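J.: Protein chains in written order, with my numbering: chain A, 627 to 1019; chain B, 627 to 1019.
Derived by calculation from the structure, the hints in this document are not laboratory data. Fair warning: this is a prediction, and the values are worked out from it, not measured in the lab. Glycine is no exception: its CB is placed at the ideal position from the N, C-alpha and C atoms. Just to be clear, a hint being listed does not mean it is correct.
Said to hold, decoys possible - Residues from chain B that face chain A, not an exhaustive set, calculated with beta carbons under 8 Å: (1) Asn-642; (2) Phe-775; (3) Phe-779; (4) Leu-791; (5) Gln-822; (6) Leu-825; (7) Thr-873; (8) Lys-892; (9) Ser-895; (10) Pro-902; (11) Val-948.
2 protein chains.
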Amino acid sequence: MLKSDFNFPFSNSMDNLIESNTSSIFNLAKSLENQGRSVIHLEIGEPDYHIPKITIDSVKSSIDNNQTNYVLGQGLFELRREIANYYKRRFNIDVNPKKELIVTPGAKFGLYLTLYSLINPGDEVIIIKPSWPTYSNLVNLFGGKIKEFPLSFKINQDITIFKSLLSEKTKLLIINFPNNPTSIMVNKNYLKNLVQIILAYRNLIIISDEIYMELTHDGKVNSMIQFSDIINRLVIISGFSKSFSMTGFRLGYVLAPFQLIKVLLKLVSNTITCVPPFIQMAAVHTLQLDEHIINARKFYKEKMEEVIKFLKDKDNISFPFVPNSSFYLFFKVKNGYESLALDILNKTGVATIPGIAFGENYKNFLRISITRDTDQLFKGISKILSFIEKNLT
Amino acid sequence: MLKSDFNFPFSNSMDNLIESNTSSIFNLAKSLENQGRSVIHLEIGEPDYHIPKITIDSVKSSIDNNQTNYVLGQGLFELRREIANYYKRRFNIDVNPKKELIVTPGAKFGLYLTLYSLINPGDEVIIIKPSWPTYSNLVNLFGGKIKEFPLSFKINQDITIFKSLLSEKTKLLIINFPNNPTSIMVNKNYLKNLVQIILAYRNLIIISDEIYMELTHDGKVNSMIQFSDIINRLVIISGFSKSFSMTGFRLGYVLAPFQLIKVLLKLVSNTITCVPPFIQMAAVHTLQLDEHIINARKFYKEKMEEVIKFLKDKDNISFPFVPNSSFYLFFKVKNGYESLALDILNKTGVATIPGIAFGENYKNFLRISITRDTDQLFKGISKILSFIEKNLT
């Protein structure tokens, strides 16, 4: 095709659009690989615990059974019913699969649709920090005004800050426990205290990203769904990528009051039509595998302990945030700086996520995902350490 | 969960959002089925020519080969390269797979992202009519101002109207040949004449939805990509749903200058992350099956001839648009009215799309898709005819 001498007149919305920082470092690492460099991927949240065999088998049998056509935009009823069963089993809470659930191609898309449907330019949105960069990216894209809520994960301290941020003008609160990038899950009492504050702000909508919910190392599972007083303005974003290692399947859901689901359904009908039925069928069977989750927890717990043990006496790094869930390690680097992750990638071939992606206050942090086989993982960590040793001290 | 006594304060963008009309009648038909009614689906554009065996096999082998992780947001390079090969084979045109292509979960999502990236409130968009309702829905969602371009499919008449609609203020033109709902493909001379007019409007961006491109009954395949003078402001939307019956796989692509692809890539990184790799791998193999397409054309051509032959002498219906491609029949009903399709569905259990979905001028039209097995198809058509006979004459 011709070289473009035409300037596309992009819409004003695009002025606030930036690429997802986690995606951009992944894309960069992949392109280095394509150029022949060997890269150790510690950047992406790609679980290494195996995908359940039944997941693979269900895709194959569903496709053999001709489940390859257009299906309902809301998602297969079988899957929505199974998600409802899951919440019943975990929390003894009744979710209406006909009205309170919609299936999405990944949790991120559920979040995108929810924020699109709710944010007007200028609306105030409180976002916890550190946090997944997509929250800020999307709120900025829709013109929302972000108020950062820096977490210490200590309830008294956090409550004081939370109160100081809230006003009648605050429209949305975005929370994420267990948290990415710190891998910290707070206890139920912490959540209860947050809810106590929220009760006083009756117009506040709570968006709770619970994608890492199952992967607590002690097996204690909590969800905002347990607080019935706020359930009429609670939006839960979740999916199958982390608990069941189904990242490439792109499957998530939104659990929310029908009023919101109805609007999301209209958006789905104008964007993606539906999610592949054979992928949805795989999730129907997968979601019943409580045993698999128990084993995944144990797997990540042991691996995290090993990593922490290895790193805890190192001079140039420290852990203000001690992980008790999932598989990220968010650590502080002495004399670290904004583009450190890029330098490490270019010089050592180890991909990590720069702390700045998760908030302005974390320029001297890095996030690694411990989801590589132990050899690669420790090889990568050692390369990071020697780079720091050589260049920053 | 609790009944909602909370009113979600939706964003102003949602004021202009309506459900896709084709999806809504499909959803209604599905819900009638769930209530135990038997429904003949003549509404949805679900090809009935078989999915290639290699498509099914490739999904299964890719998933067995662990192609189940996150991949590049732009799409697998293998697939982009194969799409470029395809355009080379068909039109001897070089497409740069690194820069000019992005893979999307369905053609609709490619269209959504493109229009989102380009339309500011108030921007003028010319849309051909009759046409797929998603064009108007999305332009309205983004606040664009629609100018309808009613087609006669006769070049002189259409050119005159086209000229009268264009101004320096026109930002976008959305075209779709072969056209849904009429199943009419225009000849290359028609397209050439359109392009001649477009050349005078150097700011106009052309969005060409070519999802039905391959399914011409005479096998002559034309694309806007053949007109090199406009290629720097041409966006082609296409996908695998119709040519290869891969509707439930949700796979499409956008072919456009790099400037636009870069922006779409940022949007993808904040919405869907990527498309399942095992689905993309299936398309890599499928796209090489030229023989399959030749057979599919023949299949739909013969079926369409049979339907036309059956319908051509009926008193109460007529065909202002004679199909020469794909599998829709858009016909006029004597004394037809806006909600006729709904009445037919409720009374006879045959689902069709109301003409109004495709444009204000087509209130007395219905669209049927002939993609059901012959028994069901003719049973459905007969029920429609006898409903019309009984109630409208």
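J.: If a hint holds in the structure, say so; if it does not, say that too.
T.: Status of the hints after comparison with the structure:
For the restraint placing Asn-642 of chain B at the interface with chain A, the shortest Cβ-Cβ distance is roughly 11 Å, beyond the 8 Å limit, so the hint is violated. A distance limit of 8 Å between C-beta atoms decides the matter here; for Phe-775 of chain B the minimum to chain A is near 21 Å, and the interface restraint is violated. A distance limit of 8 Å between C-beta atoms decides the matter here; for Phe-779 of chain B the minimum to chain A is near 27 Å, and the interface restraint is violated. A least Cβ separation of about 19 Å between Leu-791 of chain B and chain A goes past the 8 Å threshold, and the interface hint is therefore violated.
At its closest, the beta carbon of Gln-822 of chain B sits 18 Å from a beta carbon of chain A; the interface hint therefore is violated under the 8 Å criterion. For Leu-825 of chain B, the suggested interface contact is broken, since its CB lies about 13 Å from the closest CB of chain A, more than 8 Å. Taken as an interface hint, Thr-873 of chain B checks out: its beta carbon lies about 5 Å from the nearest beta carbon of chain A, inside 8 Å. Hint status for Lys-892 of chain B: holds, given a least beta-carbon distance of 5 Å to chain A, under 8 Å.
A distance limit of 8 Å between C-beta atoms decides the matter here; for Ser-895 of chain B the minimum to chain A is near 4 Å, and the interface restraint holds. Given the 8 Å rule on beta carbons, the hint for Pro-902 of chain B holds: about 5 Å separates it from the nearest Cβ of chain A. Taking 8 Å as the C-beta contact cut-off toward chain A, the hint placing Val-948 of chain B at the interface is violated, the least distance being around 27 Å.
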